[in-house]
Amino acid sequence: MLRKIASSSYLVWSFLFIIIPILMIGFLSFTSSEGSVNTGFSFDNYKRFMEPIYLKVLLRSVEIAFKATLICFLVGYPMAMILAKMDSKIRNLAVMLFVVPMWMNFLLRTYAWMTILGKNGILNKFLSLFHIAPMTFLYSEGAVLLGMVYNFLPFMVLPIYTVLTKMDKSLIEAAEDLGGNKGTVFRKIIFPLSLPGVVSGFSMVFMPAVSTFVITNLLSGGQYMLVGNLIEQQFLAVNDWHFGSAISMLLMVLILLTMSVMNRLGAGIGEEGSAGLW
Amino acid sequence: MKDKIVMGRSLTKSYNGIEVVKGIDFWVKKNQFLTILGPSGCGKTTTLRMLAGFESPSSGQIFFEGNEITSLPPYQRHINTVFQKYALFPHMNIYENIAFGLRINKVSEKEVKSKVAKMLELVNLSGFETRKVNSLSGGQQQRIAIARALVNEPKVLLLDEPLGALDLKLRKDMQIELKNMQKELGITFIYVTHDQEEALTMSDKIIIMNQGEIQQIGTPTDIYNEPENAFVADFIGESNILDGIMHKDRLVTFAEKQFECVDGGFKKDEPVDVVIRPEDIKMVNVDEGILKGVVKSVVFKGVHYEMIIKGASKEWMIHSTQMAEEGSTVGLLILPDDIHIMSKEAGYA
Chain A
1 MLRKIASSSY LVWSFLFIII PILMIGFLSF TSSEGSVNTG FSFDNYKRFM EPIYLKVLLR
61 SVEIAFKATL ICFLVGYPMA MILAKMDSKI RNLAVMLFVV PMWMNFLLRT YAWMTILGKN
121 GILNKFLSLF HIAPMTFLYS EGAVLLGMVY NFLPFMVLPI YTVLTKMDKS LIEAAEDLGG
181 NKGTVFRKII FPLSLPGVVS GFSMVFMPAV STFVITNLLS GGQYMLVGNL IEQQFLAVND
241 WHFGSAISML LMVLILLTMS VMNRLGAGIG EEGSAGLW
Chain B
279 MKDKIVMGRS LTKSYNGIEV VKGIDFWVKK NQFLTILGPS GCGKTTTLRM LAGFESPSSG
339 QIFFEGNEIT SLPPYQRHIN TVFQKYALFP HMNIYENIAF GLRINKVSEK EVKSKVAKML
399 ELVNLSGFET RKVNSLSGGQ QQRIAIARAL VNEPKVLLLD EPLGALDLKL RKDMQIELKN
459 MQKELGITFI YVTHDQEEAL TMSDKIIIMN QGEIQQIGTP TDIYNEPENA FVADFIGESN
519 ILDGIMHKDR LVTFAEKQFE CVDGGFKKDE PVDVVIRPED IKMVNVDEGI LKGVVKSVVF
579 KGVHYEMIIK GASKEWMIHS TQMAEEGSTV GLLILPDDIH IMSKEAGYA
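Chains as they are written, first to last, in the numbering used here: chain A, 1 to 278; chain B, 279 to 627.
Worth flagging that the hints you see were computed from the coordinates, not collected in a lab.
Note that CB positions come from ideal geometry on N, CA and C, so glycine has one too.
One or more hints might be untrue.
Listed next, the stretches of chain A that the computed footprint assigns to chain B, with coverage defined by at least 3 CB atoms under 8 Å from CB atoms of chain B [stated by the list, open to error]:
1) 172 to 178
2) 186 to 197
For each label pair, taking beta carbons as the anchor points, the in silico distance ranges come out as [as the list claims (entries may be wrong)]:
3) B:SER318 <-> A:ASN263: 38 to 48 Å
4) A:GLY183 <-> B:ASN309: 44 to 54 Å
5) A:LYS67 <-> B:SER318: 34 to 44 Å
6) A:ILE22 <-> B:SER413: 53 to 63 Å
7) A:MET135 <-> B:SER413: 51 to 61 Å
8) A:GLY183 <-> B:ASN345: 53 to 63 Å
9) A:ASN105 <-> B:SER292: 45 to 55 Å
10) A:LYS182 <-> B:GLU346: 31 to 41 Å
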């Protein structure tokens, strides 16, 4: 009984603040209005998104999010391995240092990069010591990528780290015992068994990266349009809520698709449920 | 030297300044079944892990067929290990698990296939090739772990309490199977266990360890019949252990009586440990016994009765096929041959 009451409050909550808004967005996306006159049900908003100019934005978003995810993986995997190998006393401190920046405000962290990368920023000042002329770091794809990697790296490292620390050490010893050198053991045992963590990391980085607009706004100065910016613009600048809703719906479907593909990948490996993060 | 396939010399291992293995010396001959036996925390698993190469000794040397291998990594040793918790690779099927070592050694696919099939036959699990690891029972997983190690045709197989997680019946069956496999394949087995019965059943030679030191090395018969100190006597089988005084060769006092015995070579009136096996104490009529006592408890053990008999200064445990009534007074007889005298200095912590 108590459980029913407890769970029903969550149901009411998610109905009010998740289901209804989604339905509203869905409704908006299938309607359009000329001025204040509602023109009824139509696919126009979706059709409009199929124009090359918008598809290009989506493609670019997916591309840059994928790049950011890949960089996070390449940087994050070795990091997770180093963390997992540390002596347990230092390890907790190191993980903590890793997590602490996440407690700071997201905007603040991204603003901080602006003062580092800016024309008169810290980096250029530092370079001028060596008589290197100031360079433009901000307002480029590189700056956006950096912002994404910096902000989302912990989401890649932590799930991989968790899987690695939970891994049964005797499996590694068994593989060495059977003749595997360090490289073989990594390729055939450690990496395949850590894949559930990698899959979690991929989805946890990819999802926020593909839909972000704050990072692009700040670090590219609005030069660089991603799908997140497009949605923001439709709602706040152009005031076309219908088109904005349609893009939101499409993005949601895209993320759901990626997630289910990822989950399937994750379920196919790691029979022992070594990930268990979700 | 040549027939000593594995040899440890003054092997020591310490963690954070605490010595868990304290300079032990031992060797095992080709095709022998050697068991390292001891209570938990005695250093037996650490010793095995040094032989496998998972731990490097703090000092001392390990030799394999006369060559030093102390600092070789595990993958360069012709030694394979069967782990206590099997350690099968969960992301591979049974076939791939067994083929793992062969694949690393670039054995041709055809040969892999025939070798894996042969191994599965050896462990009675033919037809399990495509099964997943976690669909197998503990006993089956252990057989696969053995097959995975043996397929590489190691000269020495290390087994770390491989039967510890199995139930009693299965354990007994596997003991016999393992022993047969060892004889059939002619591989040296080094087996670690805390189960004294397992050690006595399977081994050609037993090393008994306690607190990082070797207490005794010998055949199962030697160790049972001639334990070198009170620890070994107590650890292997049941024993009555008493304080005694050795007056001169072949004369000892314990339980307030003088006994003839067969041991000698002690100082005059040296305090000693006297060990008597429960089955070596004969129960006789009161007037025929050297000692007498009151039967305190009787437990039927299948083949024999285990009785506790309260004597004047000591309670005796005896095993006998005859039963005495609880509360009755009986005589006890101990023959010189059955009295084992041990120096106190050998140490029984």
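Hint-by-hint comparison with the structure:
1. 172 to 178: Held - the region 172 to 178 of chain A has 6 residues with a Cβ nearer than 8 Å to chain B, which meets the minimum of three.
2. 186 to 197: That given contact holds, which follows from 4 residues of the region 186 to 197 of chain A lying within Cβ reach (below 8 Å) of chain B.
3. B:SER318 <-> A:ASN263: 38 to 48 Å: Once the Cβ atoms are compared, 43 Å apart, the range 38 to 48 Å for A:ASN263 and B:SER318 holds.
4. A:GLY183 <-> B:ASN309: 44 to 54 Å: Between A:GLY183 and B:ASN309, where Cβ atoms are some 35 Å apart, the hint is violated.
5. A:LYS67 <-> B:SER318: 34 to 44 Å: 53 Å, violated
6. A:ILE22 <-> B:SER413: 53 to 63 Å: 41 Å, violated
7. A:MET135 <-> B:SER413: 51 to 61 Å: 60 Å, holds
8. A:GLY183 <-> B:ASN345: 53 to 63 Å: Cβ of A:GLY183 to Cβ of B:ASN345: about 25 Å, so the range 53 to 63 Å is violated.
9. A:ASN105 <-> B:SER292: 45 to 55 Å: For B:SER292 against A:ASN105, whose Cβ atoms are near 50 Å apart, the range 45 to 55 Å holds.
10. A:LYS182 <-> B:GLU346: 31 to 41 Å: At roughly 22 Å between Cβ atoms, B:GLU346 and A:LYS182 fall outside 31 to 41 Å, so the hint is violated.
In this structure, the earlier hints numbered 4, 5, 6, 8 and 10 are contradicted, and the remaining ones agree with it.
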